[in-house]
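A.B. asks: If you want the building blocks of each chain, they are given just below.
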Amino acid sequence: METDKGSGAASVESFHPSAEDIEKWMTSAFDMARDALESGEVPVGCLMIYKDEIVGKGRNEVNETKNATRHAEMVALDQLLDWCRRSCLDPSSVCEQTALYVTVEPCVMCAAALRLLHIPVVVYGCRNERFGGCGSVLDVSSADLPQTGTTFKCVSGHRAEEAVEMLKTFYKQENPNAPKPKTRRD
Amino acid sequence: MEHPTCMLEEVKPFILDDAPPTVYYIPDFISEDEETYLLQQVYKSPKTKWTQLSGRRLQNWGGLPHHKGMLGERIPDWLQTYCEKISSLGAFSGKTANHVLVNEYKQGEGIMPHEDGPLYHPTVTTISLGSHTVLDFYRPVSCLEGDALQTEGNRYMFSLLVKPRSLLVLQEEMYQHLLHGIQESNQDTLTDKVVNLSAAGAQPGETLEDSKTMEPQMKRWKGSAYDTDSWVAYPVLSDEQSQDIELTDAFAAPILNKRETSRLVRELNSAYPLNGLQHIKRVRACREKGGSYPLEVLVCLRSDALHIQAVSIECLLPPGMGSDGLGEPFIVKVPARPPLTRPQFEQASKHWPTSFHEDKRVTVALRGELFTPPQKATMHTYMMSAVAAAQAAKKMGLEAVGAVVVNPSTERIIAVGHDCRANHPLHHAVMVCIDLVAQSQGGGCYSLDKYPACRFMSPTFDTLDSTLDVDLKSQPYICTGYDLYVTREPCVMCAMALVHSRIGRVFYGTTAADGALGTKFKVHSQKDLNHHFEVYRGVLSKQCESLHE
Ligand SMILES: [Zn+2]
Ligand SMILES: [Zn+2]
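Going line by line, the protein sequences match chains Y and X. For the first sequence, the working numbering begins at 12 and goes up steadily by one. For the second sequence, the working numbering begins at 5 and goes up steadily by one.
Be careful, since some hints might not be right.
Said to hold, decoys possible - Below, in silico cross-link-like pairs of lysine to aspartate or glutamate (DMTMM-like), each with a Cα-Cα straight-line distance of 20 Å or less:
no.: 1; chain 1: X; residue 1: 454; chain 2: Y; residue 2: 93
no.: 2; chain 1: Y; residue 1: 179; chain 2: Y; residue 2: 155
no.: 3; chain 1: X; residue 1: 531; chain 2: Y; residue 2: 93
no.: 4; chain 1: X; residue 1: 216; chain 2: X; residue 2: 192
Since the hints were derived computationally from the structure, they do not count as laboratory data.
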């Protein structure tokens, strides 16, 4: 596995999830995605893991907040910061040893947010052709952006086909010709 | 920046200490004779001067509060006298009020809580004629905790009793932050929530009957004071539009006999059709002065003739096409793609005659002339609000970046935000603004109570907005049709957040080293993304740059 030479890389060079870690946490992430799909939500599962502990667990909250930036990763990052506050730990030293496990490649925005928080490793399932920020649309994960945090490593392809299938099923449901679910009006 | 805090010393005793800064209440500012005279003048004005609104009618003097009317009309002498008298107290930083709204409230009429907006010097001065009013003050919606019900009732803070012939001056927080309104009631019972009872000579528990009130409100319209010539907004075009044109090699040959031109062009078009190069003209005038043949024709692309060893006209032409009529071929460079902008067209034409379907709007924009002076004045005021937010952030030790979201169709500011990353590393000014827009529509999730300069306008007050499609409103694409003004070019996270939010246009002041709307990326014109938007840089560039000094 190659290592990035971003700033602060020296302290995290040893930090890399093992094959068992990947298997274990991606299984949880896929369970989350499937739950989301079954309740009609965007099928993305996302976990932030620090020292074998879940410190952030996000699902897409765009609709309830009316804020289009509330992707699962952004929600999970907020939980991570809250967890640090509750545990009286310095967020930057926690982030440096935290891995993100997510079923779909993070979008350009989320990839930048992960850089800004110095998350060193992202493990994802399938590519995100529409918005992906780890190479599909732009490669934010490794771009030369000295004022936008640090680069991160990507481990991709874990159960990719399954993740794509879930997205396809979801977008089929979102077909504009399909009957609209009732939206709350107040 | 103009500061309102230069009122004369002699009026300082009239500051109300029980209200937020700053309210001046001066009883009996004018005499009863002056009151009668002013009322006569108001009613002598032509009927057409009145505008009837629900709950009140008004006269507008000095131009409409709208950029098209900013040069406006002269204020009549009977009002001008009072504009000057009040301005001489220092209410408008040494300048004179240039806009007067005369509001008439009949018994039982009132006005919903509102603010007077950023287009004015942040001061409003009101003389009351005829009867008293009770002016109520409210917190803006954003200042309440979490999910608490944001009713008018629990946003209510306090009231002011405004007696006839008094002068009321609202500045600073009272003007810029709080909303004010008048209840529709037939009588007012004074409670201890009226903070100027003694200054107004009234008792708690007293009940005052409402009758007709006339309130000339003097303000200073800011637009004309702006130096909109100090900056130019340039478009940030896509790479395809802004890069140098791409060239490709081709063979051309002189036409020996001009009269055979049309036959040669016809035969060459069928032998070597210029597929995908319809922008290239087949024939050009010889560029060398005194050349032997006046016309030259494009024979084929070099890529059409790669197999050919010795380059001669006989080799280039397909069998069956006679080579007579053409001279010896030579290599030229032709533009590989149609030019998209005038600079590209001019560059392309230097190599070979090229046709150009000009987008006039882009040409004008590249000259920095897309926006008219009144449009620039409006843009100026919006960016000033962003600069003010950035300054507020700087004062709190935060990064000096400010942003404003505007609905250009109603010309209303929807949200003002600034960088809050000391509180949360991802709360950049743009992210804050997006959440504030969500909050203005009942959503949002950032807690920004610590930052009074981060605020939003509830769309309840934005009456024109209610005509927007309800289905559209229920979508999370909340920035559809809105403009963002931000002092510094957004980073890649913020730029993509704007794509997700479907922003209409973005205007920024200065570039950033890692900027994603022109410097490092052009997210707004990125291929594969499902939403593109226009970006302009350079708005108020000097003021925006100086934020980082
Ligand atoms: Zn995302
Ligand atoms: Zn940003």
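A.B. asks: Work down the list of hints and note, for each, if the structure agrees.
C.D. replies: Against the structure, the hints come out as follows:
Taken as a hint, the residue 454/X and residue 93/Y pair is honoured in the structure, with Cα atoms around 18 Å apart against an allowance of 20 Å. In summary, the hint linking residue 179/Y to residue 155/Y is not supported, as the alpha carbons are separated by about 33 Å, beyond the 20 Å threshold. With a C-alpha separation of about 36 Å, the suggested pair residue 531/X and residue 93/Y falls outside the 20 Å cut-off, and the hint is violated. The suggested pairing of residue 216/X with residue 192/X holds, with an alpha-carbon distance near 14 Å, which does not exceed 20 Å.
When each numbered hint is compared with the structure, violations occur for hints 2, 3.
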